[in-house]
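Given the coordinates of chain A, assemble chain B onto it according to the supplied hints.
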Amino acid sequence: MKELMQKLREASLQAVSQAPTMETLEEMRVRYLGKKGELTGILRQMGKLSAEERPVMGQLANQLRGDIEAAIDARREILSKALLEMKLQQEALDVTLPGEAKRLGHKHPMYNVLDQIKDIFVGMGFEILDGPEVEKAEYNFDKLNIDAGHPSRDWTDTFYFTEDGKILLRTQTSPMQIHAMETRELPIRVLAPGRVYRKDEVDATHSPMFHQIEGLVVDKGVTMADLKATLNLVVEQIYGKGTVTRFRPHHFPFTEPSCELDIQCHKCGGKGCPTCKGEGWIEVLGAGMVHPKVLAGCGIDPDVYSGWAFGMGLERLAMGEYKITDLRLIFENDERFLQQF
Amino acid sequence: MKLSRKWLNEFVDLPLSEFDDRAFDEAMTVSGSKVEVTEDLSSRMKNVKVGRILSLEKHPNSDHMLVAQLDVGEAEPVQICTGAWNVHVGDLVPAALHNALLPNGTKITKGKLRGVPSNGMLCSLKELDVTEHDFPYASILPAAILGDYHPIDPAKPSISPDIKPGDKIFGSVSAAKITGLTRRNYALWDCRLSLGNTETECVSDCCNLHEGDLVAFDTARPHICSPEDLRAKPEEFPHCIHDGILILREDLKPGDDMAAFLGLDDHIVEFEITPNRPDCLCVIGLAREAAATFNKELKLHTPVVEAKAGGNINDLTKIIIEDADLCPRYTARMVKNVKIAPSPAWMRERIRNAGMRPINNIVDITNYVMLEYGQPMHAFDFSCVEGKEVHIRRAKEGESIQTLDGTERKLNENMLCICDVEKPICVAGVMGGANSEIVGDTAMVLFESANFNGPSVRRTATALGMRTDASSRYEKGLDPQNTMKAVQRACELIELLGAGEVVEGVIDVVPNPLPETTVKLEPEKINALLGTDIDEQTMREILLKLGFTLEGDVIHVPSWRGDVSHYSDIAEEVARFYGYNEIPVAFSGGISTAGGFSPVQQYERELGQTCRSMGLDEIITYSFISPSYYDKVGWPKDDPRRESLRILNPLGEDTSIMRTSILPSMLEILTRNFNYRNKEARLYEIGRIYLKRPDGTADEPKILSLGAYGPKMNFFVLKGWVEDIIAGLGSGEARFVAVKDNPSYHPGRCAGVWMGERYLGVLGQIHPSVAANYGVDAELYCAELSFDALFESKGGTPVFKPLPRFPAVTRDIAVVCDASIPVGDLKDCILRCGGKYLVGCTLFDVYAGSHIAAGKKSVAFSLSMRAEDQTLTDEHAEETMKRVLNGLAERFGAVIR
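Just so you know, the sequences run in chain order A and B.
Each residue of the first sequence is one higher than the last, beginning at 0 in numbering that gives the first Met the number 0.
Each residue of the second sequence is one higher than the last, beginning at 0 in numbering that gives the first Met the number 0.
Simulated pairs of lysine-lysine, PhoX-like, Cα-Cα distance not exceeding 25 Å:
1) A:K106 - B:K711
2) A:K35 - A:K1
3) B:K524 - A:K292
4) B:K519 - A:K219
5) A:K106 - B:K678
6) B:K793 - B:K718
7) A:K270 - B:K1
8) B:K5 - B:K298
9) B:K718 - A:K106
10) A:K165 - B:K691
11) A:K292 - B:K519
12) B:K718 - A:K101
13) A:K117 - B:K793
Hints in this document: simulated from the structure, not taken from any laboratory.
Here the structure is a predicted model, which is why all the values come from computation and not from measurement.
Looking at chain A on its own, in the form it has when it is part of the complex:
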């Protein structure tokens, strides 16, 4: 009996270790360990054994059963691994095939830049203000200290809705300064971007409709030093840290003193090149201290409060940012243009 078991051991372990498939392995389990299997067949002969031999043989038989089961498990593991391997190989994909694209839309490049600027100012405690484009001359000119004979009021420059010239399309976002000062509580820190209109024929650098961004601060103790500090910070955020700025005198009727802010040309470092038209500097914005007459006209006491304001053109900024060479592209809205940004 012992011999029989030894034979079965050798035969079964050998066979199991070479079982080619899961199915044959299962057949082997039934053949060796099943109710009608070979091991059971051997054990049936236990009755013929002596009482002393029985436990020994029983122990041997259990050991053999355990070994065969272990061998089957081991073989099953190997086979299932191989199976998985094969399945994975069959499932392999050409990963260079295109994905199921859900195309994202594109923000207009100009509004990309505008949102960037809004975020910068919001971060500095500014609120965003929206206002009318069909505006009164009172706000677009009179209250901004622009006198009655000023050339910008000409019918060749400004679009008018009424013969008396009292209602027009705003030519600048500066009337938002007046709206802010008349309606908001002090202190004021607002940014007012929007569409403005001037009677310019369309060409590569002109459009009868374009965008400006106006900024206004009114508070006690606001100085030109504050204007410089804030605008320097803004310019660094737009053009990068270490951007060199220059403030130079300029003229706006509603600010005094007035200035323009230039940045040193990043291309030539101020030596002069085609980008900066040889000047070494690129004009970025106009600014100044709110004219005390303008403050007073809005009911703010210029002896107690002071303010500064700035205005910049959005189109030029966006064109510079994305190296767009023709303003017409901005309003043409060609998909091949829009999808580049």
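Below, chain B alone, put in the same frame as chain A:
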């Protein structure tokens, strides 16, 4: 404003050698006079030298060219071939040598002309970029050289090619050969001529004659004929022309640099002068700024007039200002015995370098004074002033004037004119009249130096469509105190140039003298505005340098600084010369503000984000459109939405009204993309429309505009976008109601969108005939949703609902009903009838065709049922299904399939 650095040096010592362009331009710019560009004039012309013609020979291979040997101040003569015939041995000429550069950009290099080496080019006026106004003597009178005769019809020449001296040409004109030529002066030649058998002599002012030339000689009045004398056409004598090499008469020697001679040894600085500083539109004004910038002395000059002519201006004329509101001051002087002539080279050079053209001494003096003092001047030929009186008055309706440019101008009652007793002789501050123009025989000149109302001059110039050097200065408002200085300077120059005799006396009419402006010096206020700590002494010094005067703390503003009237103006003056870039950079400690985006601004950002996440690209369109676009989008003629704000002075019809609908803008952009052959377009814009208010201003609500076309587009893709946008509101589902009567949209593919009782907008396929109006034969899809209505429909902060504890049961049903019943109605009915367990109803199929009766359709829904407190049993589900089916049957006669 163009400034000559050489001219500037007359008033401030700023030599180019010490203050190069970079240093000068930067300092001037940061003190407030912005430099646009600086041109080194010498770079325009290089290596053009004065040469003396040593010898002239006929070119061996050309019958119209000459070969000259020139002394150009070098050891060896230079050989140059020329096609011009007005040169003679001994002449001084401009010679562009090897590697020369001419003002028109031409580079000259040595080469061969018809086989003969030529080491440069002799230059005419044109090649030097000057005119006969610069060199009046350079005008050339050519003789008809018979060797140059080219008959119009070679078969029938008017002059025989074999003609010999003595042969008759016509009448008293015969052929003659020049046998001797002696120069009498620059313009006259003593000629000896052979007429075959006889010899004769004559004097000629033709300057293309050379010994050996065959010419046409008129024996009746001894005279060498020009092509004009022979009534020849220009092409018959192609080389006998009025143009030629500039024969220099000035005191020059071979080797002198022509660029320096023409005043090109100068740098011209072009400034951008802001409109508040008309005082800087002249050399003296900029000199004052430069002196203050570089802390140098300003050397001003007081004109001295001897006035040696007899009489007094007051006995000769009267000046009457009738409209004092437009003419605060009129100053005049008179010059007798005027001798019109070219002005001297130094004056021509300065006028040229300032960008103007020299004309004659009188006109040049007025321009010179304008450039130097900033005061426009005018010179009248006094003999043309009828009644010998000058009236300054508004034109009368119906009056007109021919201006100096030769154009007849209609005048109106808003235009100020200078008139004699009869008629306008000048449009004040804009342009003079041809009727009193300075001409060659002008003998008596009245100089005007006046101050006119700026806006009036500007409006007049604009109305007449002519902006002149004078009007562009006047329009900004000039210093009334400048008129006297300018007229004195003009008269001083008259005497200096010997251009006439100045009559004693000045007429100076000042109807309403302007008061002087004073401002209080308040150093603390200035420092408080600037954020600086500038001491009072520094402020005072800056103001004094600029011509302000101080009495205690009262600042007297100089008359030329009309822009200064307030302490903030003084602060700017101080800041300019203290240095804007010296002002500290420091945040003031004001009260901090929170800042941030308002809820509506946040929603606008969110909405854009939603649109982009659906694959839509953002566009920006013009706010103005053409009224005809309302026709294009199919609106009836009486549609009230056509009531638009109309621009009275539009650029053109296409941009003449403010849009009351965003649809035309979107359709325009879709069309453009379609025409550019873009396969598809998916676009959005959050843009305003402009609705007229009773007071003439506008409500400017924002509209979300969607637009698309392309192979993947259909109504339901568009509707899906709108549904996603509405889902983003977080306040439930919207209702879509079929709209059949919107003229812009397809009557069967258009829906109104409602959120409860709130109307959000419309979506659908654009009506094919509207698309056709745009020339598009594709399906266009658009939606117009009110941004405000969307924002108002926004749900509040979501409140958490516990997750369901019991599983849902789903049942599918398919019913057959009339094909005309909208699925939306079926769904509404199901949700209404289903009872408390029905929590969802989703359409999954609509079918019509075989197995379904004609005019019917099968609609299949998946119903989802759930109870909050127990697992649903089959009975519950069956009961719900029964309710639904009964409801559908009752309401629509629908039966289960």
